[in-house]
Amino acid sequence: MNLSLKTPGAIAPVVNLVRGENRREQVDILFRTFGLPLIGLVVFLMIWAGAAAKIETSLGQFPGPTQVWHQAEALYASHVAERDKAEAFYERQEQRIAERLADDPDYEPRIHDYPGKPTFFDQIITSLITVLSGFLIASVIAIPVGIVIGLSNKLYSAFNPIIQILKPVSPLAWLPLVTIVVSAVYVTDEPMFDKSFLVSMITVVLCSLWPTMINTAVGVNTVSSDLLNVSKVLRLGWVTHVIKIVLPSSIPMIFTGLRLSLGIAWMVLIAAEMLAQSPGLGKFVWDEFQNGSSNSLARIMVAVLAIGFIGFLLDRGMLALQRVVSWDKSAVLR
Amino acid sequence: MSESHLELSGVDIEFPTPKGPFKALDDINLRVDRGEFVSLIGHSGCGKSTVMNIVAGLHQATRGGVILDGREVDQPGPERAVVFQNHSLLPWLTVYQNVELAVKRVFRKTKNRREMREWIDHNLALVHMEHAAHKRPDEISGGMKQRVGIARALAMQPKVLLMDEPFGALDALTRAHLQDSLMDIQADLGNTVIMITHDVDEAVLLSDRIVMMTNGPAATVGEILSVDLPRPRDRLALADDPAYNHYRHEVLTFLYEKQKKVESAPATARPETNQTPPAAPEPARAATGEAGRKARETTA
Ligand SMILES: Nc1ncnc2c1ncn2[C@@H]1O[C@H](COP(=O)(O)OP(=O)(O)OP(=O)(O)O)[C@@H](O)[C@H]1O
Ligand SMILES: [Mg+2]
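Here the protein sequences come in this chain order: A and B. Per my numbering, the first sequence starts with residue 1, numbered consecutively. Per my numbering, the second sequence starts with residue 335, numbered consecutively.
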């Protein structure tokens with residue numbers, strides 16, 4: 001009978017409205033889920049446009065929403081153009097190789113990379129790869145360490161001061177150290193990774209370890225004493241105890257830590273890329289800043305919005321993962 | 335002197351607190367025979383759970399100790415299974431998996447996979463929970479959770495089953511139902527049971543002996559009452575039974591006269607709370623102390 005039970009949350013009010021149930025109430029819900037955020041957006045754009053018109057910079061007027069939109073389109077167009085050029089480049093190369101091989105079957109072809117500059121979207125991909133690898137490594141270190149520290153009050157007392165001191169260190173302070181250490185230690189003839197990639201990634205690791213570690217430790221430390229008693233009465237071994245009792249009950253805290261860490265990782269990465277000149281969104285911003293053309297400010301604004309939007313998506317991604325992993329499906333996650 | 339099944343001798347416990355050590359229990363002595371059903375009753379906060387935790391091995395006595403079948407209890411273990419006051423099921427496991435965790439742990443060397451499965455099903459059937467085997471604890475009612483807690487404890491095949499107010503949080507109907515199931519199960523399996531309760535009727539109906547504790551701090555065994563009612567016991571028939579009512583009366587007298595809960599306010603300030611005085615609280619304590627010693631001697 002009740003269709004709204006089966007329709008997904010956001011569409012339900014629309015469906016109910018069409019079916020003529022509780023008109024007022026449904027309109028109210030629609031207004032709250034779509035209307036209010038829309039109004040917020042419009043107000044924001046108006047304030048932005050108004051303020052931008054009043055700011056004169058050395059590079060001309062501060063870009064308003066329209067200019068930024070045009071630049072976003074331009075960036076996309078240049079990305080498409082660059083892709084076409086690259087495709088053509090590889091096609092020509094293949095053709096040439098085929099011709100050479102026809103003449104001389106012993107010829108060993110070497111494929112050259114396309115020498116063009118990375119586009120805005122290439123930079124986004126680079127940044128995403130860097131941040132996710134850094135975050136993954138940080139989590140793989142932080143969760144086990146957090147569990148071990150959280151299980152023992154003595155270890156917790158021993159490590160807590162170190163963690164508290166390292167936690168607030170800015171990525172900009174780590175960066176020179178990391179750069180120098182990486183150049184000294186990572187010497188191979190056939191590097192699997194770019195040095196610049198390693199530098200930004202390690203900086204991300206160093207800054208995003210701590211929230212996960214602390215939250216995991218606290219979550220592990222505050223497992224309900226009733227459940228600990230169950231484990232004691234059963235005389236569970238260490239591994240079973242951790243897997244069956246400790247981990248499931250600290251999942252919410254671990255995820256709180258992971259989400260904080262991912263947020264920090266993303267912020268740190270942009271700063272690190274800017275300072276270290278390693279490829280990514282941060283470098284894009286820095287290049288535009290150095291470039292100083294009349295379009296630069298609008299392009300930086302595009303990057304700013306992209307950074308914000310990607311950060312938001314990353315957080316939603318973690319939330320979705322938490323929903324999958326968490327045993328408590330009734331918990332309200334936001 | 336023959337060795338007893340379970341013996342607490344001279345058990346004291348002091349908890350460290352910021353204001354110095356707090357002596358919760360003082361010289362608890364108790365012997366329990368195999369297959370006996372013993373209830374602990376006493377006012378809230380007197381130390382019943384503490385006694386049980388010491389038997390379970392979750393707390394260490396400051397002085398004295400517990401001996402089970404000739405071996406001193408120094409750590410928790412599945413041969414002293416506990417049914418916790420608030421069920422303590424793992425919320426991320428299903429009913430079946432909760433029992434399975436215990437069964438796997440206790441029988442990993444002696445039962446194969448099929449036998450384990452049968453044993454889990456059997457224990458769930460004992461408490462009539464087989465229909466909800468694949469539900470999570472938050473999908474079943476309070477009484478059902480408590481039943482699963484009992485099934486988990488029974489599935490460990492414990493020498494002693496410890497139950498901390500197992501039915502305290504349940505409505506009267508569910509409680510009566512579970513009490514009957516517990517009596518049936520105990521008649522079948524012959525477990526030794528120590529059960530904490532607040533409920534006088536429950537204590538008399540279920541127990542072979544009722545251990546009545548004095549008020550804390552430094553609580554001890556006040557009186558021990560042997561309940562010689564024939565089994566199986568039927569709650570309806572017993573309601574008019576003079577012997578049953580006599581036992582009930584004994585426990586009530588102990589709780590509400592001899593160990594009347596005194597508030598910390600001085601008695602002179604609130605004379606109306608002192609309506610039942612043959613004795614002021616202190617002499618009452620002394621009297622029961624004496625009675626308790628007598629009781630201990632007779633059971634020893
Ligand atoms: N870990 C502890 N540290 C300090 N004091 C404690 C501790 N555990 C119990 N106590 C004290 O010991 C006394 C007995 O507590 P216990 O929990 O055994 O009471 P109880 O008889 O089970 O009460 P209830 O019927 O309300 O469950 C109380 O005064 C309590 O404050
Ligand atoms: Mg208690």
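Don't take every hint at face value.
Listed next, the stretches of chain A that the computed footprint assigns to chain B, with coverage defined by at least 3 CB atoms under 8 Å from CB atoms of chain B [unchecked claim]:
(1) 118-132
(2) 231-240
Cβ pair distances, simulated, as ranges [to be verified]:
(3) His511(B) <-> Leu228(A): 24 to 32 Å
(4) Gly317(A) <-> Asp505(B): 53 to 61 Å
(5) Ala459(B) <-> Arg235(A): 21 to 29 Å
(6) His532(B) <-> Glu25(A): 52 to 60 Å
(7) Ile165(A) <-> Lys357(B): 15 to 23 Å
(8) Asp505(B) <-> Val27(A): 37 to 45 Å
The hints are simulated quantities; they were obtained by calculation from the structure and are not laboratory data. Glycine included, every Cβ here is placed at the ideal spot set by N, Cα and C.
Hints versus structure:
Remark: the stretch 118-132 of chain A is not confirmed as covered by chain B, as 0 of its residues place a Cβ nearer than 8 Å to a Cβ of that chain, below the required three. Counting residues of the stretch 231-240 of chain A whose CB falls under 8 Å from any CB of chain B gives 6; the rule of at least 3 is met. The beta-carbon spacing between His511(B) and Leu228(A), approximately 31 Å, falls within the hinted interval of 24 to 32 Å. Here the CB-CB span from Gly317(A) to Asp505(B) is close to 45 Å, at odds with the stated 53 to 61 Å.
Hint check: Ala459(B) to Arg235(A), Cβ distance near 26 Å, so the stated range 21 to 29 Å holds. For His532(B) and Glu25(A), the Cβ-Cβ distance of about 48 Å falls outside the hinted range of 52 to 60 Å, so the restraint is violated. Evaluation of the 15 to 23 Å hint for Ile165(A) and Lys357(B) yields a failure: the beta carbon distance comes to about 43 Å. Here the CB-CB span from Asp505(B) to Val27(A) is close to 44 Å, well matched to the stated 37 to 45 Å.
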